[in-house]
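Residue numbers (our numbering), protein chains in the order written: chain R, 13 to 278; chain B, 212 to 503.
Wrong hints could be hidden among the right ones.
Stated by the list, open to error - From the derived model, a few chain B residues whose C-beta atoms are all more than 10 Å from chain R:
id	residue
1	M212
2	G350
3	E448
4	L494
As the list claims (entries may be wrong) - Have a look at the derived ranges for each label pair, beta carbon to beta carbon:
id	chain 1	residue 1	chain 2	residue 2	range
5	R	G108	B	E391	24 to 30 Å
6	B	D341	R	R58	45 to 51 Å
7	B	L272	R	G108	25 to 31 Å
8	B	D338	R	R33	27 to 33 Å
9	B	L272	R	A206	48 to 54 Å
10	B	R321	R	L113	23 to 29 Å
11	B	R324	R	L144	32 to 38 Å
12	R	C265	B	G223	28 to 34 Å
13	B	F283	R	G32	27 to 33 Å
14	B	S348	R	A247	47 to 53 Å
15	B	T265	R	G108	20 to 26 Å
Hints were generated in silico from the structure; no laboratory data involved. Computed from a predicted model, the values in this text were never measured in an experiment. Ideal Cβ placement from N, Cα and C applies to all residues, glycine included.
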Amino acid sequence: MILSQLRGMAFYEFRQHWRGRLLVALILGLVLTVGINVLVAGGSVRCDTVNLPDLAVCQQGITITITAVTLFLALPLAVLLPIMVAEIIPMDSQRGVRSWLDAMPLQTGTYLLGKLLGLWLALVMALLIAMLISGALWWLATGTFDLLAYAQVWVFGIGVVCVFNGGLGVLLSAGLTTRRRAIAWNAVLIVALAALVQGSDFLSYLNPLRMPIINYHLAVYAPMLMASPDSGELAILLRAFAGGIAGLIISFCTAWVWLRWQSSRM
Amino acid sequence: MIEVTNLSKTYGGAVHALRGIDLDIKNGMFGLVGPNGAGKTTLMRILAGLIRPTTGTVRVLGHDVTTLQGKFEAKSILGYLPQELGLYPNLTGREFLDYIAILKGVTDKRARRQQVTDLLESVRLADVADRRLKTYSGGMKRRIGVAQALLGSPKLLIVDEPTVGLDPEERVRFRNLLSEMASRCTVILSTHIVEDISHSCNDLAVISQGQVIFRGAPGDLITQARGHVWSITTQGERPNSGLAVVSTLQMHDGVQYRVLGTPEPDYNAVSIEPSLEDGYIWLMRQHSPTPA
Chain R
13 MILSQLRGMA
23 FYEFRQHWRG
33 RLLVALILGL
43 VLTVGINVLV
53 AGGSVRCDTV
63 NLPDLAVCQQ
73 GITITITAVT
83 LFLALPLAVL
93 LPIMVAEIIP
103 MDSQRGVRSW
113 LDAMPLQTGT
123 YLLGKLLGLW
133 LALVMALLIA
143 MLISGALWWL
153 ATGTFDLLAY
163 AQVWVFGIGV
173 VCVFNGGLGV
183 LLSAGLTTRR
193 RAIAWNAVLI
203 VALAALVQGS
213 DFLSYLNPLR
223 MPIINYHLAV
233 YAPMLMASPD
243 SGELAILLRA
253 FAGGIAGLII
263 SFCTAWVWLR
273 WQSSRM
Chain B
212 MIEVTNLSKT
222 YGGAVHALRG
232 IDLDIKNGMF
242 GLVGPNGAGK
252 TTLMRILAGL
262 IRPTTGTVRV
272 LGHDVTTLQG
282 KFEAKSILGY
292 LPQELGLYPN
302 LTGREFLDYI
312 AILKGVTDKR
322 ARRQQVTDLL
332 ESVRLADVAD
342 RRLKTYSGGM
352 KRRIGVAQAL
362 LGSPKLLIVD
372 EPTVGLDPEE
382 RVRFRNLLSE
392 MASRCTVILS
402 THIVEDISHS
412 CNDLAVISQG
422 QVIFRGAPGD
432 LITQARGHVW
442 SITTQGERPN
452 SGLAVVSTLQ
462 MHDGVQYRVL
472 GTPEPDYNAV
482 SIEPSLEDGY
492 IWLMRQHSPT
502 PA
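Build out the structure end to end from the sequences listed, making use of the hints.
Printed below as a string of structure tokens:
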């Protein structure tokens, strides 16, 4: 029954996100930023007329430009996404949905996981669309580019950042009961976490800015933009992923305890 | 079926919503009636496992809803319609009911679809089933709430003020639907509309200031008011303050009042047969502080 509930929640949460404003805002934001960069870069990112010895350099330049622009999107998203998704659970209380939801044979863990899965599904879909449209824009501007590098930066860069921080945003505000409070709470919390959770390698992996993930992709695809080429070690990326998962587990457990405590107080 | 023993609920250590309630509810349709703020919704919420009592025990079909496990077991056999029903505005009526059915554990897709379609028919929302909920009127939202409570063939149905916002025809239809359900499960209907109880319940409790002040059949409540209900016709002046005016009717030769109490002889009052509403008002008057 739990699996069926999870599937159902994921499906219908996804459907609601899909019909809401969040995904439209996300896709538009990403595509518009890429579009503006494509326009600004203009003809300077075409290699059609470049002679053979300089072709590799030219193509590397395109990869660097595309990587830098894509990763440039990851940083504001890392901060904005948790604020954008803050309302997901509090809106259930604000709308009065919890009044019947709490009367269902639905466990707290299933509820939280269902909400997360629905959001992640929606984010993945939105990012996929943004990636395809942005890819088409780059293709129009450059004629050709390194598709594998492009896909990797989107999937293991910006995609992973969105999954981690979107989930974090949902869980951090899970115990709140109004939209406004949730947005304010997540805004303060994300900025505070970004400012305070640092000082060691371990803490940098938990920091919501996800700099190790961004730095890894810059070091691999745009090494001249990076001061430290060590950032490109795969082990660092894996540790950053582990840090993101650990952050999610910690916040999931905190949200679970918080919701259980709330219901035991009523 | 449902055993409530010495149930009390205090909010913030100061507001006593329920004070030592004992109830034993059997199969069929049970009415819970009382004025606003009497503690009906608190009692309903405790029965539905949404809030914990301060003291006392509640057993629903053998499950103790004051324990975590018992609460979970009870919820799996429960249909609940809260007073204020929040909806997901971006889902259609059909999707919303399908979603609820999944959460209630109706895992078989075909059975779920059939149940949703049947319920949409019975609450007369089949023609708007594929419209988003944000486009529904207040009455339609109420009806979709009723449908969600009936999903999953519950053994206990708790409905809190279900007919608020429904037009007269819908209210009759809904009362019939509940009566039909009562042949298959226990239905607890909480309301302050006495008419809803009189047409559908064979057992009721009146609750006031957190206490049960009457328990029995609707007929017993009516009997309490017998000999205290009068019809008085005047040229316009209201009957004296010692009487409770139940209704006022403008006639061509004056104003006809239906009153409760003991009218003075010069009113030429005519004794009439009490209704359930008269019985309820008479009871409330007996339990309210005497006006100065």
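Against the earlier hints, flag every one the structure doesn't satisfy and list their numbers going up.
14
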